[in-house]
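Chain A is already provided as a structure; the job is to place chain B on it using the hints.
Chains A and B, in that order, are what the protein sequence lines are.
Numbering of the first sequence is given in this note's numbering, commencing with residue 1 and proceeding in unit increments.
Numbering of the second sequence is given in this note's numbering, commencing with residue 1 and proceeding in unit increments.
If you are wondering where the hints come from, they were derived from the structure by calculation, not from laboratory data.
Any given hint could be a false lead.
Just a few of them, taken from the derived set where beta-carbon distance is under 8 Å, the chain A residues facing chain B [what the hints assert, rightly or not]:
1) Glu27
2) Thr32
3) Gly39
4) Gln42
5) Ile73
6) Pro78
7) Pro94
8) Gln95
9) Cys99
10) Ile122
11) Gly133
12) Pro136
The calculated BS3-like cross-link candidates involving lysine-lysine, where the alpha carbons are at most 30 Å apart (straight line), are [stated by the list, open to error]:
13) Lys101(B) <-> Lys203(B)
14) Lys86(A) <-> Lys203(B)
15) Lys279(B) <-> Lys69(A)
16) Lys681(B) <-> Lys112(A)
17) Lys207(B) <-> Lys86(A)
18) Lys86(A) <-> Lys681(B)
19) Lys112(A) <-> Lys210(B)
20) Lys397(B) <-> Lys279(B)
21) Lys101(B) <-> Lys86(A)
Cβ coordinates follow ideal geometry from the N, Cα and C atoms, glycine included.
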Amino acid sequence: MVKISVNGTMHDVDAPPDTPVLWVLREWLGMTGTKFGCGIAQCGACSIHIDGQVTRSCMLPLGQVGNAKITTIEGLSPTVAHPVQKAWLELEVPQCGYCQSGQIMAAVSLLKQNPKPSDADIDAAMSNICRCGTYPRIKAAIHAAAGNAGKAGAA
Amino acid sequence: MPPPAMLAKPARHNGGTQMHIARRQFLTVATAAAGGLAIGITVPPAASAADIAPEIGIWLTIAPDDTITVRIARSEMGQGTLTGLAQLVCDELDGNWAKVKAEYVTPEANLASKRAWGPMSTGGSQGIRGSVVYVRKGGAAARAMLIQAAATQWNVPVAECSASDSVITHSSGKTLRYGEVADAASKLPVPAEVPVKDPKAWKIIGKGVKRLDTVEKLNGSLVFAIDVAVPGMLNAAIMACPVPGGKLKSFDGSKIKSMAGVRHVVAVGDDAVAVVADKFYQAKTALARLPIRWDEGANSNVNSADIAELLKTGLSATDGLGTGQKIGDFEAAFAGAAKKIEADYATPFLNHAALEPMNCTAMFTADSIEIWVGTQNGDAALAAASEACGLPLAAVKVHKHHLGGGFGRKGQQDVVRQAVQIAKQVPGVPVKLIWSREEDMRHGFNRPVSMARMRAGLDANGDLVALHARVSGQSIFAYLFPNGVKDGADPVTFQGWTTAEFGYNAIPNLLIDYAMRNTHVPVGFWRGVNTNQNAVYMECFIDEIAHAAGKDPLEFRRKLLARAPKQLAVLNAAAAQIGWDKPAPPGVFRGLCQNVGFGAYTAAAAEVSVSKDGVLKIHRIAAATDPGYAVNPDQIKAQVEGSFAYGLSAALYSEITIENGRIAESNFDSYPVLRMEDMPKVETVIVPSGGFWGGVGEPTIAVAAPAVLNAIFAATGKRVRTLPLRYADLKPA
Chain A
1 MVKISVNGTM HDVDAPPDTP VLWVLREWLG MTGTKFGCGI AQCGACSIHI
51 DGQVTRSCML PLGQVGNAKI TTIEGLSPTV AHPVQKAWLE LEVPQCGYCQ
101 SGQIMAAVSL LKQNPKPSDA DIDAAMSNIC RCGTYPRIKA AIHAAAGNAG
151 KAGAA
Chain B
1 MPPPAMLAKP ARHNGGTQMH IARRQFLTVA TAAAGGLAIG ITVPPAASAA
51 DIAPEIGIWL TIAPDDTITV RIARSEMGQG TLTGLAQLVC DELDGNWAKV
101 KAEYVTPEAN LASKRAWGPM STGGSQGIRG SVVYVRKGGA AARAMLIQAA
151 ATQWNVPVAE CSASDSVITH SSGKTLRYGE VADAASKLPV PAEVPVKDPK
201 AWKIIGKGVK RLDTVEKLNG SLVFAIDVAV PGMLNAAIMA CPVPGGKLKS
251 FDGSKIKSMA GVRHVVAVGD DAVAVVADKF YQAKTALARL PIRWDEGANS
301 NVNSADIAEL LKTGLSATDG LGTGQKIGDF EAAFAGAAKK IEADYATPFL
351 NHAALEPMNC TAMFTADSIE IWVGTQNGDA ALAAASEACG LPLAAVKVHK
401 HHLGGGFGRK GQQDVVRQAV QIAKQVPGVP VKLIWSREED MRHGFNRPVS
451 MARMRAGLDA NGDLVALHAR VSGQSIFAYL FPNGVKDGAD PVTFQGWTTA
501 EFGYNAIPNL LIDYAMRNTH VPVGFWRGVN TNQNAVYMEC FIDEIAHAAG
551 KDPLEFRRKL LARAPKQLAV LNAAAAQIGW DKPAPPGVFR GLCQNVGFGA
601 YTAAAAEVSV SKDGVLKIHR IAAATDPGYA VNPDQIKAQV EGSFAYGLSA
651 ALYSEITIEN GRIAESNFDS YPVLRMEDMP KVETVIVPSG GFWGGVGEPT
701 IAVAAPAVLN AIFAATGKRV RTLPLRYADL KPA
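Next comes chain A alone, as it looks inside the complex (with noise of 0.2 Å):
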């Protein structure tokens, strides 16, 4: 049994210590809000919070979180009440929709570290694969959520 913390809650789970904790999200914990999409932490699908730094969970061991908090796209906002969440629904950024929860926390977390990104920090700190293309409403809802919106990349 490991114990991890989920979204405030303690979690204790069956899976050997090398599980990803993606999988242990999706299967072990029935929260399939963190998608699969590579398994070689190339796309950010799978992006969650480990004490609020964005991480790619599919390969990151259940053995390495230790007392670490982990937040998924389940634990912001079920309401979509979160800042990033309410830009999102403003802009129309989703499409397919598959990439936004990994997305979403990628730009939480680039926002908590930068509240006021440039296009160029934006560009940086976002590489999560999104095959529709809402790259340019992903980049213009961050600068809604930042309080940026005229300078917004996106027409």
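Relative to chain A, chain B alone:
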């Protein structure tokens, strides 16, 4: 801000947002309407349960609180079709958009009603334009039934009643809400012929209303097929023979049987093996250790270089003449031309790489098969499930889920067949099959590899008098629908270049033909299909000709498009948006192009710079599109923006290569795609000229690459004719 209308909450454990058709029994199917589609279905009086909203015709239900639930037969994979279709129905209904929800029609209901809801296939940019006649009639018919019900209740003539925002008003001023007459309306016959609105009367069509399905994508609650949890479910990981066409020879399940969670190791068809375990992660881990022997078949020594040689022979061969257009006498005009231009182009195989990997959950019993899947074609998924287990069509139940990207790949039913074949070996137990990214990359239905030899002749005035395009490459139809191939011609090879589409039809001597050169690599429909390669070949070559003639690429095209006003209009719109008549900023260079495909007209202009070290930066794209009618301008804009991410991923980065018969790429490290840092600013100009319904999801992809390639030439003097661009040396000459 109030929450937007949402899809009905997912059912308790499986997340299927679907009509509960099983609770109703169809009695009769009405005769086909003039358009050939049965729109009238008579249903028994609604069950007495108060929670069932009455059906007003087949396309919608209206609850006592005026909630309108619109039935959607096509699939939602991000393109916004679900919302657009609901707009079409709601506008004709004169419904209150704020109270609209959507739900999927189930494939089994469509089967049972002889396809009353029309085709479920969602491809070819047909979601809206292919449904537009009958869904609008469905909304209009429901409106007529509701007004009739109110008129009957009031005992007044229908002609004295009008409707707006889900409220019926009599000329005396009295009103009834739709929810108040829905039950009575549901008992009326569905009128066979109803008029639809003149476009000038539209209130919801043409508005950039918000999508109906966004909130669930922001809090992790949307249940994609990969997220399905059915009680008692096991999970499967699969590996098919890495050489397409090869077979499974043997495997030794005893070596992994003791691994954690492993329950079964089973052959799947004649070419794959699956591990079934408690968790997918356990299945995937065990599969990696399973000893497997393959019969790789005849193609295990084929490499990309062999395929390139095969295609090159096609360029200079003479088969396939007559497959495309022939106007005038190209060879004679070319022989007599004052100036000749010739160039060869090449584009690679491409994987779709939807972010949600292929997956399907299936449960088999002796007399039923139930599947949960994100598919672009619900009807075909149902048929594939039936075929794969041998049960009749009527024994199949399909739960359709939103797709985590489709792009054409999820119109194929291979994963459904596999999931059903696995489930059949574990009767009574639901099994979720998930492909690893590696499996997804290695077993795609790839965009076909192709090359083109382009030749042109200019007269002494620099006018284009002869043009020849010869494509050599793999045929989608030969792989998927061989019966559709006739005399060496594949019906989709010349997308954008057919007589009906091709804009440069003022060229006096034109020859277009195709050398079909097939390989063992599976091919299929990749968003935009062959318009993508054809636009690279034609639009870059037209640019080459313009430069050879010493003419401005825009002016040169304008003259060639003299008989193609819609193409000319989008080209002019893109040129105006980029500011073609004004100089670009210092160090920035421009290129442009136009195309037609999927019933819509598109054009793009790009601004790029290339550093002294050859590093490309795409600063800005101006894109124009004429889809005829624009149902939801904001979603069209989203599709146009996204088309540049998809099209530029292909242009800049992506390539599937063949090594020893196998696909060499395995994941996003070896198959790079475009990310935020490379995404240009996209300025979309929608110029809907009206009078027709064109596609939106695909037509813009084709103009992404040529606009940028032409701008790169302007910046560097280098003409990149082989994609992807990442192999090209762009250091200015």
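We went through each hint and held it up to the structure:
no.	hint	in the structure
1	Glu27	4 Å, holds
2	Thr32	4 Å, holds
3	Gly39	6 Å, holds
4	Gln42	4 Å, holds
5	Ile73	4 Å, holds
6	Pro78	5 Å, holds
7	Pro94	4 Å, holds
8	Gln95	3 Å, holds
9	Cys99	5 Å, holds
10	Ile122	7 Å, holds
11	Gly133	3 Å, holds
12	Pro136	5 Å, holds
13	Lys101(B) <-> Lys203(B)	18 Å, holds
14	Lys86(A) <-> Lys203(B)	27 Å, holds
15	Lys279(B) <-> Lys69(A)	24 Å, holds
16	Lys681(B) <-> Lys112(A)	25 Å, holds
17	Lys207(B) <-> Lys86(A)	22 Å, holds
18	Lys86(A) <-> Lys681(B)	23 Å, holds
19	Lys112(A) <-> Lys210(B)	28 Å, holds
20	Lys397(B) <-> Lys279(B)	24 Å, holds
21	Lys101(B) <-> Lys86(A)	21 Å, holds
Violation of the numbered hints given earlier is absent; every hint is satisfied by the structure.
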